[in-house]
Every structure is written in structure tokens, then in C-alpha cells.
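S.K.: Using the hints provided, position chain B relative to the given structure of chain A.
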Amino acid sequence: MGENLQDLYRELDVFFHPRGVAVLGASRKEKKVGHTVLKGLISGGEVPRPGLQGFRGGIYPVNPKEKEILGLTCYPSITDIPDPVDIAIFCIPNTAVSAAMRQCVEKGVRGAIILTAGFGEAGPEGKQLQEEFVAIAREGGIRVIGPNCLGCLYPPNDLNASFGITLPYPGQVALFSQSGALVDCIIDWSLSQQYGFSAMVSYGNKADLDVPDFLAWASQDECTRAISLYIEGVGDGRRFIETASQVSRLKPIVVLKAGRSVKGTKAVSSHTGSLSGSYAVYAGVFRQAGIITADNLTELLSISQALAFQPLMKGRRVAIVTNGGACGVMCTDYCQEVGLDLPDPPPEMIDRLDSSGLIHPAWSRNNPFDIVGDAGPERYRAVLEEVMSSDLYDGVIVIQTLQAVTDNLGDAKIVVEMSKTYRKPVIAAFMGGVISREGIDYLSEHHIPNFFDVKAAAYTMKALADYGQYRARVSD
Amino acid sequence: METKKIIDEALAEGRRALLEYEAEEIFSNYGIPVSPGRLARNAGEAEAVAGEIGFPVVMKIMSPQIVHKSDAGGVKVGLTRPEDVAAAWDEIMDNAAAYDPSARIKGILVQKMISESGGREVIVGASTDPQFGPVIMFGLGGIFVEVLKDVSFRVAPVSPEEALRQIREIRTIAILDGVRGNGPIDFTALADLISRVSRLMLEQPRVSELDANPILASEDGVRALDARIILA
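From first to last, the protein sequence lines are chains A and B. The opening residue of the first sequence carries number 1 in the numbering used here; numbering runs sequentially from there. The opening residue of the second sequence carries number 477 in the numbering used here; numbering runs sequentially from there.
Keep in mind the hints are simulated off the structure, nothing from the lab. Owing to the predicted nature of the structure, the values given are computational and were not obtained by experimental measurement. A portion of the hints provided could be inaccurate.
[Claimed, not checked] Here are the simulated lysine-lysine pairs, DSSO-like style, with alpha carbons at most 30 Å apart:
1) A:Lys39 x A:Lys65
2) A:Lys314 x A:Lys413
3) A:Lys455 x B:Lys625
4) A:Lys263 x B:Lys625
5) A:Lys65 x A:Lys32
6) B:Lys545 x B:Lys480
[To be verified] Which residues of chain A face chain B? A few of them, derived with a C-beta cut under 8 Å, are:
7) Val33
8) Val234
9) Gly237
10) Arg238
11) Ile241
12) Val281
13) Gly284
14) Gln288
Backbone N, C-alpha and C fix where the C-beta goes; we use that ideal spot for every residue, glycine too.
Same shape as in the complex, but just chain A:
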């Protein structure tokens, strides 16, 4: 019963820590996939970013028509490569894949990433071609990602084994997506946000490796602290539940499932040729397996990041600390909407704050802790010390509205300090843009989730509470 997560990890890790990578169908021509992929391996990607580097293991272009591409020796066939090749990226027509797969078996390749489309998603002939190469791979001990996918990226190892635009910043979230285009967009977005990934895999038709395999690998990968999924269908549903249930006990899994509407479900089928059942059943399945559901892409990414960096939340009781009353009210609304509790401070806490000399006489003496518009870092510190050290609260949402006297960097430093001291989940809503830039960037560098909209802050806190509750339950 259940998968052996470590066995699967060892099998799949070759895709993330290969000794050598071959590019089948490598090309000199700039517009070709075989060129982009090769360039991605050599330099990290087409789009520069600070710290971008290429893969330091073996890179081997394969193309019988070329002797050299981008300064590397080009081989007529994979079997001509003298060094060990652990993975091969296929940038060749669908009709050529089976023959190439046989050569990979001969070479002793352990992983194949097939970018080419025109297989199971494209009708009966394509399906047959797919079955053919899968059989060859299975017999030859090769695991396959794809076909019809973007490929595989592993920033901690500077490995861009994909058709993606560039390697994202290294981070702690592993994303597995049924869509390649989505991965590309997310990479581009992530560069502007300094949002890092431990791994990104677009797995396409999942002819061989499927989500449960990637979940198992990610559960053991030391760089991954949270797992993000974009899925349309699941294939073997029971295997999905069993593996996801095992993995979610170790690391949080967040899912965005598309194909909720009738039309959406039909679109799913033509996209990757997979079946998609009723969303209500999936919703039940996710809850049963301890998977957190995201409503949209923004949520998927922000919740995954929050879960990756914030400590496990022990309950559902939240303190809202704010220097703006309106935002405190809105945040309260959203927190209640998502079933978070907002206990009021006990008299002793109120008294201590009143006598501290640091708090405004007109502060709210309630939850939300409205500490008034002129609040500075020391006032935030006084209140945060109280709520973070108190057994009454499991998490804190810190709102900073931008006022004339606001010291946004000072406030941000307090938030980070408190977060490190008390190891309790903190979510910030430092609301501003240009003037609050320093504070917002400081929070970002220290991995404190920050939102302009308190709704997002509340919904993210809910995800932390739900996952924390699940972990507490399964550890009994």
C-alpha cells in the first residue's frame, strides 16, 4: 500500500541532477526548438537575469547534419557520445521519436524529455506513436516526461532542460504543470517578482511520468518546501490520492484545477487528451488528501510561497494589527468569510499595552488591533511582541497603510525580526507602491508574504490554517 517515495525520488532525480544531457535535434537555426533548448542549457536561457548561469554538467547536441553548434561538438547520434548521458531532450518530429528512443536505450540514458507534440492529444495515429515509444522506453529502463511539453527546469542546479524562456530564480516552490505555456508565463512573471522555484516541470501528455511521480520526487528533494500543481485531469485517480496523501503529510501541496465548467471540461479534453470528471468530486478528493486548493493562478503562486516559507500554523486564531481602521475592518470581513477566528485581547494584554507608553490612547483595545495612523516601528513592535508571544494567537496579519509619518522600512524590519523570533506565521499587507517600495522589498527579501489587498492576505492565512490543521490531524 502506498508508493515508496524514496524509490521514485531516486528514479526521477536523474532529470534534476544528470551528469550529461543530450539534445536530439539540436539546431544552428535560431528559431528552432533545438536551438533554444541548447542555448538554455549552455547559458541558462534567452532572457538574462542577475545570477543566471548555464548547466555545468555535460551538454551534447545531436544532429547528423552538424559538426558543431554554439561551440559544442555535435554528434550524429546519441550512441556516438563518449561520456555518460543521463537524460535526452527530444526536439525531433514525432515520427522520429521511436527510433531515437531505441538509440537512447542503447546509450544507457535514464530519462527522456519529449517536447514534440502530435501524440496522444492529436488523434489515433498520434496515440499509437505514443504507445510505441513508451513501450520501448519502459523496456529499456528509461522514464519519460511528456510528450507535448515544455520540459524540466531545476534552478538550484542551473539546469534548463526545456523550451522555457529562462531559468527562474532558485527558490523553494516546485511547480508541476499540465500546461507548458503557463510555465513560460509564470517564469516571466517570477523574474519581475524575484519569486524563485526549486523546480518547474511541464509534463504534457503524461504518457509515462505523471503527477504522483513528481509529487514523490518533490517530497524528497531537499530544495523543495512546497509543491504547486496546475492540473486538468488526473489519469489514475486512486494513485493520485494515495501518493498525494502520503506527500502532503511531509510538504504542503497546493492545486489549481482547471476544467470546472462544462465548457472548460471539454476544452481540457482537447488540450491534452485527458478525461476530466466533476469538479465537485475533485474538491472532495483534494480535501481528503490534505491538498490546499487555489482559486486562481495568483493564489496558487502566493499560497505556495507562503506555505514554503512560513512556519506551520497551529490553529485558526488570527490577530490583525493595523495602522488604518478601514483596512482593519475589511481584513476582519475577509477573515470571518474564510472561517478564521479573531479572538479579542484579554484585559492583561490591553493593560500592558496601555501602560507601555508606546501605544496611542485611542487605540482599538480590540482585535483588529488598530494602533492608529501615526504608528511607528516601536508601536508595531510593542503590539507584535504581545500577539506573537501570546498563546491566544496562531498567526498575525500586519497591515501598514501609508501615512505621512510612516516609516515603512522600519516597520518592515520589525515584522521580519518578530517573525524570526517567534516562528509564528506572519502575513503582511503593506499597502502602497512607490513610497513604500523599500519596506515592501525588505519583506520580500525576507520571504514575508505581502499583499496590497487584505483579501489576499486573509485567504492566504486561511490556507496556512487549513494546512496546519491537516498536519496536526494526521500526526496524531
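M.R.: Just chain B now, with coordinates in the frame of chain A:
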């Protein structure tokens, strides 16, 4: 009768839909509470069953060819005396013959009539999902499932603890917690029922779908008032 045998016999007759009394017997085999009752093959037996289980009773025609029992005049409720049972037997049989002379009559199910006061109707259904296998659905009866689609799902196996979480997911949970003078229903019993249904689905691959609708849930227990099983 053993579950395997009930299913074997129905399939041997070329039937995929089990009759209520057959489905209820399988439910009983799995510890799912149903109304006390038995199939009677003649009027005398009907009276005997009624005497055994206690009045009031309901009587329902059991025939593979008569699906809409009430429409066919095949249901009599609120029978309080042996004479009523005898009279109802004749009436039901006459109605059935008039409705469909070629219908094969297995007999008449004589069941204890359960008082519904203080009870709330819920539905537990199960089907076989191509991806996930047996899936269990829960919801409040009537418009809550049909119109509001206020239902929650789990994949078998469902432990009683997981079933309780499934139950509490529905939006109208307050009705089960107790409104308008009603106390809370017996959640333990309901969660146990869901768990048993999930076990049935896993252990009986020949069962493709089932419905326990309605289930009467009250403060001191739950009971399926009707049962439907469709074979694969």
C-alpha cells in the same frame, strides 16, 4: 441472504437493478440501518411479518417491471391492523395486475413505518468514477441536493472521521446541527453509515451505483428508508 447470492440471483434473472428489499438486505449485511421488514409472498405471510415487526406498517409491491410503485397503486401506508394488511394485499395485487398484467411479482415488502418527527432527510449515494473508483456523495434530501447541489464527495475508503468532515462541508449543515427546536442529529451514526457504504462499494465491485435516499437522521440514530442498487 448473503450479498454474493443476492447479486448472483439478480444477474441470473437478467436484472441489473436490485429491488428495494434486495438492496435493503445488502445494506443490512453491511450494518447499514434500514426499516425492519421482509418480503411477503402471500397475504398470510404479510400478516405474519406485520405481527412480527409491529404496527404501523407500509406495504410496497416488489416487481422488476414496476418501477414507479406509487403510480401503479402499489404502495399502502399507515396500516395499523392485521385486517388492513390483508385488505391492502388484495388491493395492491389488483392494482399491479391492472397496471401491468405481464409484470412478474416477487411479492410485497412489508415494512415498519418509521415516524419522521424530529428527523431530517439526508441522502448518501455512491457511484463509480472512471478516475477515482467508488465515490461517495452526501447531501441533505430533496431540493438541497437537486436544486442547490449542496453536496460533498469523498473517495472510498472513507473512515468515520473523514465521513464526519465530509458531512460538515455542506453549506446547510446548520439544519443537521439543529434549527427550529430540533436538536443535533446523531452525527456518529451518520458518519458510520457513510463509512459502511464506502466499504460496501469497495468490497462489491459488481455494484456500480447505489442510493440510500432518503435516510432519516434524528437525534438518536439514522435509518435508510429506501435503497437502490444498480449492478455493473
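S.K.: Compare the distance between the alpha carbons of A:Lys39 and A:Lys65 with 30 Å, and conclude whether the hinted pair is satisfied.
M.R.: holds, 18 Å
S.K.: Under 8 Å, Cβ to Cβ, is where A:Ile241 needs to be relative to chain B, so tell me if that hint holds or is violated.
M.R.: holds, 6 Å
S.K.: Starting from A:Lys263, check that the Cα of B:Lys625 is at most 30 Å away, please.
M.R.: holds, 19 Å
S.K.: For the restraint on A:Gly237, tell me whether the closest CB of chain B is nearer than 8 Å.
M.R.: holds, 3 Å
S.K.: Under 8 Å is the threshold here; is the Cβ of A:Gln288 close enough to any Cβ of chain B for the hint to stand?
M.R.: Status holds, d = 5 Å.
S.K.: Hinted pair, alpha-carbon criterion (30 Å max): A:Lys455, B:Lys625. Please report holds or violated.
M.R.: The given pair, whose Cα atoms are some 27 Å apart, holds under the 30 Å limit.
S.K.: For the hint on A:Val281, does the least C-beta distance to chain B fall short of 8 Å?
M.R.: holds, 5 Å
S.K.: Going straight from one Cα to the other, do A:Lys314 and A:Lys413 come out at no more than 30 Å?
M.R.: holds, 24 Å
S.K.: Would you mind confirming whether the straight-line C-alpha gap from A:Lys65 to A:Lys32 stays at or under 30 Å?
M.R.: Measuring from Cα to Cα gives roughly 15 Å; hence the hint holds.
S.K.: Holds or violated: the hint that A:Gly284 contacts chain B, with Cβ atoms closer than 8 Å.
M.R.: Constraint on A:Gly284 satisfied, holds at 3 Å.
S.K.: Per the CB criterion, is A:Val234 less than 8 Å away from chain B?
M.R.: At about 6 Å, which falls below the 8 Å cut-off, the nearest Cβ of chain B leaves the hint on A:Val234 intact, so it holds.
S.K.: Against chain B, run the beta carbon of A:Val33 and see if the smallest gap drops under 8 Å.
M.R.: violated, 32 Å
Hint 7 from the list above is the single one not met by this structure.
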